[in-house]
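Undergrad: Each protein sequence line maps, in turn, to chains A and B. Letter 200 of the first sequence, counting from 1, is numbered 200 in my numbering, and no numbers are missing. Letter 183 of the second sequence, counting from 1, is numbered 543 in my numbering, and no numbers are missing.
Everything labelled a hint here was simulated from the structure, so no lab data went into it. Careful: at least some of the hints might be erroneous.
[Said to hold, decoys possible] Cβ pair distances, simulated, as ranges: (1) L571/B <-> G15/A: 42 to 52 Å; (2) S538/B <-> G15/A: 20 to 30 Å; (3) T5/A <-> K482/B: 31 to 41 Å; (4) W118/A <-> A634/B: 40 to 50 Å; (5) E304/A <-> T557/B: 51 to 61 Å; (6) F477/B <-> G31/A: 35 to 45 Å; (7) E315/A <-> S378/B: 52 to 62 Å; (8) G66/A <-> F477/B: 30 to 40 Å; (9) P333/A <-> K482/B: 50 to 60 Å.
[To be verified] Derived pair list, reagent style DMTMM-like, types lysine to aspartate or glutamate, alpha-carbon separation capped at 25 Å: (10) K564/B <-> D23/A; (11) K245/A <-> D259/A; (12) K93/A <-> D546/B; (13) K564/B <-> E18/A; (14) K211/A <-> E18/A; (15) K211/A <-> E55/A; (16) K106/A <-> D512/B; (17) K564/B <-> E111/A; (18) K482/B <-> E55/A; (19) K186/A <-> D229/A; (20) K245/A <-> D229/A; (21) K106/A <-> E161/A; (22) K186/A <-> D204/A; (23) K67/A <-> E110/A; (24) K564/B <-> D153/A; (25) K76/A <-> E417/B; (26) K564/B <-> D204/A; (27) K564/B <-> D130/A; (28) K179/A <-> D155/A; (29) K93/A <-> D68/A.
C-beta: ideal position from N, C-alpha, C; glycine also.
Below, each chain spelled out in residue letters.
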Amino acid sequence: MADITISHLVKTYPGATERATDDVSLDITDGDFTVLLGPSGCGKTTLLRMLAGLELPDSGSIAVGGKDVTYLPPNKRNMSMVFQSYAVFPHRKVRYNIGFGLSMAKKPKEEIDRKVAWAADLLQLGPYLDRLPAQLSGGQRQRVAVARAIVMDADVLLMDEPLSNLDALLRLNFRSELKKIVKDLKTTTVYVTHDQSEALSLGDRVAVMRKGQIAQLGDPLDVYDAPADRFVGGFIGSPPMNFIKAAVSGDGGALIVGDQRLRAPSLLQSYSSTDVLLGVRAENVAVDTQRSSGDVPGTVLVVEPMGSSILLTVEVEGQTIKVQAPPTFRTSPGATIWLTFSPNSMRFYDSETAMALVAR
Amino acid sequence: MTTTQMKPLAPQPEVDTSPLKRLRRDRALLQAACIVISLFMLVPIYLISLAALSTRESLNDFPLSLLPTNLSFETLGAFLGSTGILGAFGNSLIVGIGTLLISALIGIPAGYALARFAFPAKEPYQLFLLFTRALPIVVLSVPLARLFLTVDLYDTTYAVILLHTALALPTTILISASVFLSVPIDVEEAARVFGCTPAGAFLKVVMPMALPGLAAASIFTFVMSWNEVLGASILTLDHRTLPAQVLTSLADSPLAYRFAGGFALVIPSIIFIAFMRRYLTNMWGSTIR
């Protein structure tokens, strides 16, 4: 258990022109579960591999528990890792696989046996200890990989998309199991994923990465609710956040979307007569077949029943947005419906930099 | 659903069994082809073994009996007892195993480097490796004989080992490079993270996983060395390997001697292959990964 301090980490792969991680700094508190989230090629895996010592940075530093580890070889870092491809050793039995790290650390045999039994019990691998990995299913192999990582008492637990090779149902089950296991371990954990639902459900903190930089770092709900820029809002959430081109009126009191005027929150007072992007989540738009005050008309383009809700694609003033309606809502393509944007859930972004607007 | 089940079934078209028949015929043909190819390999070995294990007289019988009716170790015994044969047999073993060890010692790390690291001129290097094989053995052997004469290595098994190693290295390197490529790098990295030094990760994880492929490379090396005649004959006089020894005495020896020689040449490599075969087929109940 230890805290991690990453500062100004720069890495460029040989032959590449863009930096894989571009001056990344990140502080991770002891015992925290931090998720690095981003699209492929954003540098999240590179960052994790530099933590593990499998890649070396060009400049910058990494400290774990107050000790510099920037250029230390992987075996001297006291970390453990779960790989995306499981990376279990196919030529050895499950028991050996789980105890591998401990026997490399020359721990006494009874301690290894005890810990292997404990991890096998925790991950329901008890009956498979004397099998070879080839005789296990993909889900069981991933359990072996997790068991191998958690027996280590490592300072830091690293996970590189550990669930992405599992099928959908298994992934959902194992996700909650993993959360419980890691919470009980209280080990500092860094978890890499491109799956935003995994990030939101697992993390104490989420770092959304883009082009080698951290776009936003925060509590999962904050990141979801108040994205720091258009990229984060568009990446997190299914469907992604809607972005509507709008303008603030001359007196700053109204938001103009096409021919419609909405009441502007006080934040926009200081942004009078500027173009802005209105960001709003699909579930924060109320729909009605009747007109009431403050409503905006829209034309339904697509109706997608999702079971627990109905996802509507609606054209509003020439812009297409996604709206989540209750499952009882009945409409059909071509119909006109009335939308209400709740003022508290509206987010505003600069129309050029796409960064969140702040009161000034 | 119940209402649809109540409906009378639509008339089914008659089952067309011709694809099934074709499948069965193809399988039978495949089996037949396997048998023919096996016979092509096995019949000569059988005939040689039969002739080597028959009495000298029965070889001249007409018609020749194709069943082992009068077995005797007389011919084989005479062959093995004749001058230089046992020594040559030992030399062949020494050269074969020596070649195997040295080419593995040099070739496996080289193959690993080719598989894992990017370095300048990697492609030309791989091509360049094969140049040794492009030179005829005679062209290599004569200057080598001169060289070995000056450094006092001529007419020793070491000389032949060195030549055979040079001949085997290109294939050892290229085969082991492709073998190491098939070992996922994740597994090696996992070993590193869980406390192995680079050498430890190689020995504990990569080597065991690569073993089947490396066994194939070693079979290739050993059999190449066991069968190589020309270089061995040029580089030695009194310390000949078995094929070189048999070759020199073949022309002026009786028929039985030739069969016994052929038998003695074939059997050790078959035994070696049979032993290494264990490592060739999938060892852990499935392929790597």
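Undergrad: Each hint should be assessed against the structure and marked as holding or not.
TA: We went through each hint and held it up to the structure:
1. The supplied range of 42 to 52 Å is broken by L571/B and G15/A, whose beta-carbon atoms lie about 33 Å from each other.
2. Separated by about 23 Å at the C-beta atoms, S538/B and G15/A satisfy the suggested range of 20 to 30 Å.
3. A hinted range of 31 to 41 Å holds for the C-beta pair T5/A and K482/B, which are about 38 Å apart.
4. A C-beta distance of roughly 45 Å is found between W118/A and A634/B, which places it inside the suggested range of 40 to 50 Å.
5. Between E304/A and T557/B the C-beta distance comes to about 55 Å, which sits within the given range of 51 to 61 Å.
6. Our hint of 35 to 45 Å for F477/B and G31/A holds, since their Cβ atoms are close to 38 Å apart.
7. Our hint of 52 to 62 Å for E315/A and S378/B holds, since their Cβ atoms are close to 56 Å apart.
8. About 34 Å separates the C-beta atoms of G66/A and F477/B, a value consistent with the hinted range of 30 to 40 Å.
9. In this structure the hint that P333/A and K482/B lie 50 to 60 Å apart at CB holds, the actual value being about 58 Å.
10. Our distance criterion of 25 Å between C-alpha atoms is broken by K564/B and D23/A, whose separation comes to about 37 Å.
11. Taken as a hint, the K245/A and D259/A pair is honoured in the structure, with Cα atoms around 12 Å apart against an allowance of 25 Å.
12. Only pairs whose Cα atoms come within 25 Å are accepted, and K93/A paired with D546/B is accepted, the gap being roughly 18 Å.
13. Under the criterion of a C-alpha separation no larger than 25 Å, the hint pairing K564/B with E18/A is inconsistent with the structure, at around 37 Å.
14. For the given pair, K211/A sits about 9 Å from E18/A by alpha-carbon distance, which is consistent with the 25 Å threshold.
15. Taken as a hint, the K211/A and E55/A pair is honoured in the structure, with Cα atoms around 18 Å apart against an allowance of 25 Å.
16. For the hint linking K106/A to D512/B, the alpha-carbon distance of about 49 Å lies beyond 25 Å, and the restraint is violated.
17. Note on K564/B and E111/A: the hinted pairing holds, with a Cα-Cα distance of about 21 Å set against a maximum of 25 Å.
18. Using a Cα cut-off of 25 Å, the hinted pair K482/B and E55/A holds, with the two alpha carbons roughly 22 Å apart.
19. The hinted pair formed by K186/A and D229/A fails the criterion: a straight-line CA distance of about 32 Å is larger than 25 Å.
20. Note on K245/A and D229/A: the hinted pairing holds, with a Cα-Cα distance of about 15 Å set against a maximum of 25 Å.
21. For the given pair, K106/A sits about 29 Å from E161/A by alpha-carbon distance, which is inconsistent with the 25 Å threshold.
22. Taking the CA atoms of K186/A and D204/A, the gap is about 12 Å. The hint holds against a cut of 25 Å.
23. Between K67/A and E110/A, the direct Cα distance comes to roughly 31 Å. Violation of the 25 Å bound is thereby established for this hinted pair.
24. At roughly 22 Å between alpha-carbon atoms, K564/B and D153/A fall within 25 Å of each other, so this suggested pair holds.
25. With a CA separation close to 74 Å, the supplied pair K76/A and E417/B exceeds the 25 Å bound.
26. Our distance criterion of 25 Å between C-alpha atoms is broken by K564/B and D204/A, whose separation comes to about 37 Å.
27. Proximity of K564/B to D130/A is assessed by CA-CA distance (about 19 Å); at most 25 Å being required, the pair is judged to hold.
28. Proposed proximity of K179/A and D155/A is supported: the alpha carbons are some 18 Å apart, at most 25 Å.
29. Distance check on the hinted pair: K93/A and D68/A sit about 36 Å apart at the alpha-carbon level, beyond 25 Å; violated.
Taken one by one, the earlier hints fail for this structure at numbers 1, 10, 13, 16, 19, 21, 23, 25, 26, 29, listed in ascending order.
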